[in-house]
Amino acid sequence: MAAPAPPSGPLGGILAVVARQRELSLLVVMLVLGAFVAIQAPQFLSISNLTQVTVLASIIGVAAVGQALVVLTRNVDLSVESTMGLVAFVVADVLAQRLLDMPVAIAAGLLLGLILGMINGIVVGALRVPAIVATLGTLSIYRGIVFLLAGGKQVTLTDLPEGYTALARANVFGIPLFFVIALIIVVVAAIVLRQTRFGRQIYAVGSNPEAAEILGIRAGLVTFVAFSACGLLAGLAGVLWGMEFGTINATSATGVTLQVVAAVVVGGVAIFGGSGTVVGAGLGALFLGFISNSLVLLRFSQFWLLAIYGVVILAAVALDGYLLRRLQRSTARSRAR
Amino acid sequence: MTSKRIGRVMALVSAAALLAAACSSPGSSAAPSAAASVAPSAAASAGGSAAAGDLNIVFIPKAVNNPYFDAAAEGGEKAATELGGKFTQIGSQGSTAAEQIPFIQDATTQGYSAIVVSATGADEVAPSLKAAKDAGIKVVGYDSSPAEGAYDVFVNQTDFSLIGGAMAQWACDLATDCTGEIAILSATATATNQNAWIADMETALKDPKFVNLKLVETVYGDDDATKSTTEANGLLQKYPNLKVIVAPTTVGILAAAQVVKQAGSAVKVTGLGLPNDMKAFVKDGTTPKFGLWSVPDLGYLAYYVAAKLVTGEITGAPGETFSVPGLNNDQPYTIGEKSVVILGPPFEFTPENIDQFNF
Amino acid sequence: MTTAVTTSVSARGRTVLSSFVRWETLLIVLVLGLIWVGTTVSPVFLTPRNFTNLVTAVIEVAIIALAMTLIIIAGEIDLSVESMAGLSCALLGFLFAAGIPLEVGIPAVLLVGALGGLLNGLLVTRFGLPSLVVTLGTLALFRGLALGILGPKGVTGFPESFTSFGFGTVPGTPIPWPFLIFLGLALVLGIVLHGTWIGRQIYAVGKNAAAARYSGVRVARIKLWLFVLSGVVSALAGVILTARFASARADIGQGMTLTVVTVVLLGGVNIFGGRGTIPGVALAALVLAILGNVLRLTNISAEIQSISVGLLLIISVVIPNLAHQAKSAMDRARGGRRTSAGSVGPGEVVSP
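Going line by line, the protein sequences match chains A, B and C. Under my numbering, the letters of the first sequence match residues 1 to 337, in that order. Under my numbering, the letters of the second sequence match residues 1 to 359, in that order. Under my numbering, the letters of the third sequence match residues 1 to 352, in that order.
Note that these hints are calculated values from the structure, not bench results. Take the hints with a grain of salt, since some may be wrong.
[Stated by the list, open to error] Derived lysine to aspartate or glutamate pairs resembling EDC-like cross-links, with alpha carbons at most 20 Å apart:
id: 1; chain 1: C; residue 1: Lys153; chain 2: B; residue 2: Glu202
id: 2; chain 1: C; residue 1: Lys153; chain 2: B; residue 2: Asp222
id: 3; chain 1: B; residue 1: Lys279; chain 2: A; residue 2: Glu162
id: 4; chain 1: B; residue 1: Lys283; chain 2: A; residue 2: Asp159
id: 5; chain 1: B; residue 1: Lys261; chain 2: A; residue 2: Glu23
id: 6; chain 1: A; residue 1: Lys153; chain 2: B; residue 2: Asp222
id: 7; chain 1: B; residue 1: Lys261; chain 2: A; residue 2: Asp101
id: 8; chain 1: A; residue 1: Lys153; chain 2: B; residue 2: Glu202
Build the full structure now, drawing on both the sequences and the hints.
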């Protein structure tokens with residue numbers, strides 16, 4: 001999917017705004033949906049419910065920001081869930097055995113995430129293995145390592161230091177700590193993408209790797225950094241996961257990759273790279289969390305949840321496709337004129 | 001051509017590397033287990049009588065990463081040591097039939113003397129268990145029953161109807177004045193045990209003394225810590241007036257207790273759980289009472305039953321009796337209808353007695 | 001310029017033919033090696049019963065992998081296969097429970113498989129959407145429908161004649177019935193892919209869709225039919241699963257897609273399309289089947305399997321890449337014109 005050329009017709013102008021403002025349209029949909037749900041189920045607006053939604057969405061959102069960086073370079077990281085699981089278990093286990101202090105353990109977890117991401121980055125960026133193959137491989141490998149470490153063991157809430165899991169309930173001026181963390185990460189990543197040379201290189205590599213090389217951008221290096229950042233953020237998401245759920249075993253975070261990639265897609269990041277924002281990815285995570293919570297509160301059978309997720313993903317991507325086509329057509333028309 | 005030669009060399013090198021990996025990762029354990037399967041009696045005969053020499057019993061739980069089954073395995077190992085038999089536990093990471101069936105099939109070809117299995121799905125595993133029986137292997141079900149006819153004996157942890165009634169009573173005790181909304185957090189929607197217990201509990205709730213308890217919903221956490229947590233959270237949000245969550249699964253009760261505690265909610269949690277998991281919650285009042293049977297004893301009894309089947313002491317026919325040291329107050333067990341043996345009544349854990357248990 | 005600059009490197013040799021030969025040779029060596037390991041560590045490895053076991057353990061994956069091979073060669077992917085298998089299983093159970101005989105139920109779920117594939121195909125070809133995302137959506141959608149249809153219930157009580165098809169073997173042989181389906185499908189798809197104009201067009205589409213279109217290949221139509229094929233084959237796998245498990249449940253097949261894709265890639269199929277063979281994929285399925293069997297026979301825990309499969313997957317691309325790089329380095333050392341010949345990038349078109 002090539003980045004659309006700036007349109008000059010009036011219709012094209014409006015469409016371009018809608019197409020570019022995925023963030024805005026997601027927000028509007030969420031507000032409308034939120035109002036509807038709040039009428040049907042007033043407890044939707046309760047502090048405890050909103051906290052719950054944002055905390056869960058923040059964990060996915062942090063991972064989604066990392067995934068977005070990778071997807072922007074025209075790659076994908078399927079191993080995020082295994083990275084999250086491995087980091088969550090190692091940190092929890094180390095804390096349960098009182099081997100390290102909490103801040104040190106958390107830092108070690110982030111470092112572990114970074115290393116796992118760097119391994120992905122080396123395999124994709126330097127060894128030139130297609131990302132989907134490489135991360136499908138590390139998805140199995142990292143999960144296998146968790147199983148080797150954990151076996152039948154699980155770390156439960158009562159094994160962990162009090163303060164660790166309490167962080168999941170902590171807040172900053174009433175705003176859940178996790179949400180603040182996710183917000184900071186989205187903002188920092190957005191600034192890096194917008195304002196720095198590296199950010200522009202990410203978009204360049206994703207839009208057209210060959211052209212980027214000709215311009216002197218080292219695509220392999222940019223890819224490596226994107227994967228490393230994704231690993232670091234997946235590691236952070238893993239730590240947050242451990243704090244939130246309290247029970248950590250070998251299968252923790254299984255299946256999360258689907259949610260993370262879905263958040264990125266719904267957030268308007270093009271799967272073939274080069275276009276999209278981390279703000280969109282973050283909002284995508286929030287949106288999916290919103291939907292899942294709404295369905296629970298509206299007492300939909302949980303069995304239909306997945307089907308509705310599927311429809312949302314298809315709708316988001318179909319909308320993208322539709323807008324892009326209209327945009328290209330109107331651009332072509334205005335050019336013809 | 002050079003390029004071809006390089007390719008070929010590369011191919012050889014990589015094949016060698018892969019083979020080395022395949023051989024070396026088994027490494028330490030491959031050789032001994034090969035020896036063991038050639039002569040299964042070799043290891044065991046050192047330990048005991050001639051009959052016990054053939055005891056080579058494999059446990060196949062639903063999944064190998066579950067503390068519940070590790071506790072049961074402890075009991076099985078203890079029995080193996082006492083009887084001078086071999087104990088092996090194998091199984092998959094996930095608790096699905098698709099993953100469990102190959103383990104049953106491969107255990108069959110390896111010629112174990114008995115397979116002790118917790119069925120991921122009663123009907124799904126039945127054909128492969130029947131094949132094992134046809135091959136002369138004794139099949140004992142434990143924890144979760146395979147379909148009738150696919151096992152020689154099923155060792156049931158407790159009389160199922162007792163659990164349903166007990167859970168209704170616990171819910172009643174924990175809800176103030178035995179009044180208010182209660183909800184169930186179960187394992188997978190297709191879990192044989194949980195569905196049977198829930199059905200019994202629903203029957204029990206029809207009793208006039210429970211008339212003010214209202215069961216609002218049953219949700220499924222799939223015996224996955226994360227999913228159970230999410231579902232328990234959902235219950236708290238959906239039903240602000242909820243009084244009790246009943247979770248007839250060790251994963252579910254732990255998740256529900258954690259959620260309630262972290263949310264600072266007044267909801268009480270009960271159901272079936274492992275004492276070690278629940279100790280802290282029993283003491284802080286989140287889960288003032290819950291129940292279970294002795295899980296190590298379940299594994300212990302299952303191993304004994306398998307051993308007795310192998311030696312021919314019992315055949316699994318209803319009406320046969322046998323005794324197992326230290327169990328059932330040293331009274332003999334009688335094999336009941338459908339070849340089921342019941343370990344004993346469920347046990348109620350309370351703040352007063354919880355510290356006596358370690359599993 | 002050297003090949004090293006292209007990001008989409010995955011070349012497995014200079015010409016398509018030589019890369020096939022080399023990769024499949026390696027797989028055969030691997031299979032023989034694993035058989036050797038198997039016979040060394042377990043006396044039961046070479047028994048007929050064990051053959052049955054190791055084949056049935058991966059049979060549904062292997063069957064779906066055949067259809068996936070064609071889709072990936074054509075440059076697309078179908079992540080929804082596992083959910084389609086689950087949907088087919090759930091629907092078959094639902095129909096059976098409603099009293100509809102299997103003779104009607106099975107064709108009906110295969111039809112639903114075709115429709116599901118058609119949905120994927122239309123979204124990809126008509127609307128020009130990336131298949132990775134479309135099938136990610138239908139992965140959730142189909143599973144959700146399966147859960148919605150069957151809910152918490154499982155359906156059992158299928159007739160013996162049906163279940164013995166899933167579990168039994170051809171009388172007098174250790175060959176499980178579903179293996180015949182695999183063989184038949186492999187034969188048909190192998191001939192179509194490697195021996196007909198349709199196959200040549202599939203390769204052409206995967207190598208360069210635009211070029212194929214200009215040379216008269218109906219790209220959209222081919223892709224559409226491949227998705228339909230994938231849907232039907234996945235539904236068929238769902239039917240086999242139902243028979244083998246003697247029961248229908250909505251959660252059946254979960255996680256299977258990753259194994260299917262792994263088998264296909266391990267079989268030497270290029271993830272970007274244009275390259276791969278049916279025999280390669282069949283061999284890869286055999287590698288996975290034997291590996292799992294050997295690990296279970298030696299009671300080595302499953303984690304080693306996921307680690308070794310993951311490593312194999314990566315190695316399967318790294319080694320040909322390194323070989324390719326070494327070769328071009330050598331060509332460069334020789335200098336002159338050969339360099340340019342050696343630097344045909346994998347993202348570029350290899351002229352047929």
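Index of numbered hints that the structure contradicts, given in increasing order: 5, 7, 8
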